[in-house]
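*Asks:* Listed below, chain by chain, are the residues.
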Amino acid sequence: MADVHLPGTLTPLFPGLPRRLDLEAATVDDAIAELERQWPGLRDRLCEPGPTLRTHIHVYVDRERASLATPLEARSRVDVIAAISGG
Amino acid sequence: MLAQEFMRNALVAGSFVGIACGLVGWFVVLRAQVFAGDALSHVAFTGALAAAALGIDIRAGLFLATILGGVVMGALGDRARADDVVIGTLFAWTLGLGVLFLSIFTTNGSGSNGTAGVRVLFGSIFGLSTADVRISVVLAVAAVAVLAVLGRPLLFASLDGVVAVAQGVPVRMIGLVFLGLVGLVAAQATQAVGALLLLGLLAAPAGAAHRLTGRPSLGLGLSALFALGSVWLGLSLSYVFPTLPPSTMIISTAAGIYVAAMSFSPLRRLVGLSLRATRPEGDDMPKTLLMVGTRKGAFLLESDADRRDWNLRGPYCEAWPVYHAVHDAVTGAIYAAAVSEWHGSAVWRSNDLGETWTHSSEGISYGEDGERKISKASTLAARNGRVLVGVEAPGIFESKDGGETFSLLTTLAGQPGSEAWDDPANQPPGHLGISAIAFDKDDDARFWAIVQGVGLFETTDDGASWTPRNRGLRADWPRPHEEVGFCVHKVVRSDDKRLFQQNHVGMHRSDDDALTWTEITEGLPTEFGFAAAAHPHDRDTFYVVPLAPLHGRTMPDGKATVWQTKDAGSSWKPLRKGLPQEGAHLGVLREAMAIDTHDVPGLYFGTSTGQLFASNDEGGSWSEIASYLPPISSVEVAIID
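Protein chains in written order, with our numbering: chain B, 1 to 87; chain Z, 1 to 641.
Just so you know, the hints here were simulated from the structure itself, not pulled from any lab data. Treat each hint with caution, since some may be false.
[Said to hold, decoys possible] Just some of the chain Z residues that point at chain B, by a computed CB distance under 8 Å: (1) P315; (2) H343; (3) G344; (4) E458; (5) D461; (6) D462; (7) S465; (8) W466; (9) D513.
Virtual Cβ for every residue (Gly too), placed ideally from N, Cα, C.
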């Protein structure tokens with residue numbers, strides 16, 4: 001189970017979405033797919049065509065900058081960050 | 001009961017007293033001068049008793065005292081709107097005098113009229129002589145005549161005294177005359193219902209009318225009607241049940257009407273409905289709603305048909321930058337095209353006038369390969385449950401399910417210029433792609449779309465095929481294609497054939513459905529601008545906000561001005577009343593001006609520094625209805641049932 005932490009800008013968009021949750025996933029992409037399954041439309045808030053992570057959405061797996069393809073360990077911590085975007 | 005002379009007298013005098021009270025009372029309530037009316041009732045008491053004490057006609061004392069009292073209160077108060085301290089002081093002092101006169105009067109024992117005190121306090125409508133009736137009629141007619149002359153400036157002075165002064169309305173004098181008039185009517189009403197109760201006839205019917213409608217003409221009519229009804233019903237009840245005093249019954253009826261108006265909201269709807277049936281223009285609908293898109297979310301402002309006081313709500317859409325917020329008149333839904341720096345583009349929607357919101361971008365995509373990307377949802381058009389979304393890179397998506405899901409309608413592929421407009425080098429920061437979509441008046445399959453920096457295109461088959469519509473437009477630069485290469489900022493439609501266009505270089509007009517364009521810039525201070533609006537009822541009247549060209553893009557000379565033509569662009573007139581004329585370097589973006597469809601249309605514009613200005617008289621005068629919003633990108637207006 002990966003320990004996923006989501007940005008505060010995301011939770012108000014999807015009723016019931018918590019700031020942190022446990023997900024069974026092999027990669028970052030898988031984790032996002034699982035989120036999409038439970039909260040339809042969520043993937044489009046984090047990813048853009050490519051497919052790739054949106055420019056200002058940064059994902060860290062165990063404190064290392066990650067991409068969609070980054071694998072997750074059984075007890076990985078995943079931080080999804082809304083990066084600085086100006087005023 | 002009409003066989004009795006006292007009853008006939010009471011009905012005739014009461015009717016005229018009622019009408020006068022209803023009409024004057026409407027203004028008393030509007031001007032929040034009910035307390036002044038109350039004070040005048042005490043002045044009435046004192047005046048009448050002074051006359052009684054001196055042995056002269058009570059009526060003389062009554063009228064002299066109330067009219068004088070009204071004028072004195074006005075003169076002592078600020079701008080002839082007597083304040084509470086002045087009224088309170090006068091109030092207590094006159095009542096004290098009244099007690100003195102009562103004591104003189106009763107001590108001297110003018111036996112024949114020993115009940116004068118009680119009569120003055122509670123009225124004696126069944127005791128009116130034919131002469132009293134005549135006086136009542138004459139005074140009521142006089143009061144109505146004064147209101148007929150004074151009505152409009154009084155209304156103006158009451159609603160916005162500062163602007164009225166600025167426009168040369170003698171606000172102070174009008175206030176004095178009005179309080180004199182209130183005194184006159186108070187004296188008259190004292191005879192019917194007495195000094196203690198006259199306030200009920202001045203305030204209750206008028207208060208009920210104000211609760212039911214904000215429209216002055218209707219309100220005045222209702223107020224007079226309620227007062228008249230109170231008198232008639234009150235008198236009838238008192239006649240049938242002789243133990244019930246007439247003044248009590250009259251005031252109880254008036255109070256009952258007020259309570260009913262307060263608690264019975266369906267009545268309000270009924271009044272609205274019957275009005276709409278008689279006035280199909282629909283300028284009396286209860287709610288005018290402004291949708292404001294800003295850099296930090298959407299805001300809503302609500303007012304009634306008078307469009308004077310606005311209630312601001314927001315920010316909505318989680319404060320995402322909103323490029324355009326619109327209303328679908330058929331479904332009642334509000335849509336907002338928004339672009340989060342983090343989470344991308346989406347269309348937000350609210351089906352309950354902004355109470356709750358949700359968002360969707362399902363289907364707003366050119367595909368997962370990423371060759372063609374959507375940087376923003378720039379503009380919206382919503383009609384009959386269908387939502388069109390203009391995006392950058394240029395394309396239009398549509399939703400047929402009220403904004404839940406979307407599909408690609410068109411990219412205008414194959415149009416001249418399309419080979420270049422996906423090139424990032426042709427997309428400077430702020431590029432909007434499809435910057436505007438304008439529906440035909442009737443035909444849902446026909447609409448125009450602006451491709452920013454390329455030109456205007458028309459489809460008559462719901463986006464399947466397109467034709468450039470730029471002939472005759474000015475362009476001060478070389479163009480690779482004859483049909484495109486124009487910088488169209490904003491297109492508005494005035495009727496079946498006529499369109500106006502604010503272009504990067506000049507104002508233009510088309511009288512043949514955009515087949516050809518003619519420049520109409522002459523008379524405007526600059527050729528540049530974004531926002532424009534077409535009068536909904538007059539095809540020759542049109543509004544623009546010219547801006548300094550080049551980098552500035554703010555109002556020339558720091559004077560906030562909307563320009564109006566009433567002759568389809570042959571001549572232009574600046575509209576400045578109420579707009580800041582010094583240091584106002586305001587920018588107004590493409591979608592940031594709107595006009596409503598009331599009989600007398602309201603105009604609205606928002607600035608890129610967050611001020612929102614409104615005019616409820618076609619641009620004749622303006623007021624700032626929001627001062628500190630985030631930068632405003634769009635303003636739209638809807639009239640809600």
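*Asks:* Taking the hints in turn, state whether each one holds.
*Replies:* Taking the hints in turn, this is what the structure says about them:
1. P315: Since chain B brings no Cβ nearer than about 12 Å to P315 (chain Z), farther than 8 Å, the hint is violated.
2. H343: Holds. Min distance 4 Å.
3. G344: holds (6 Å)
4. E458: Not OK, violated: E458 (chain Z) not within 8 Å of chain B, min 30 Å.
5. D461: Status violated, d = 29 Å.
6. D462: Because about 26 Å separates D462 (chain Z) from the closest Cβ in chain B, which is outside the 8 Å limit, the hint is violated.
7. S465: Check failed: Cβ of S465 (chain Z) comes no nearer than 27 Å to chain B, outside 8 Å.
8. W466: For W466 (chain Z), the interface hint is violated, since the closest Cβ of chain B sits about 25 Å away, which is over 8 Å.
9. D513: The hint is violated - D513 (chain Z) has no Cβ within 8 Å of chain B, the shortest such distance being about 37 Å.
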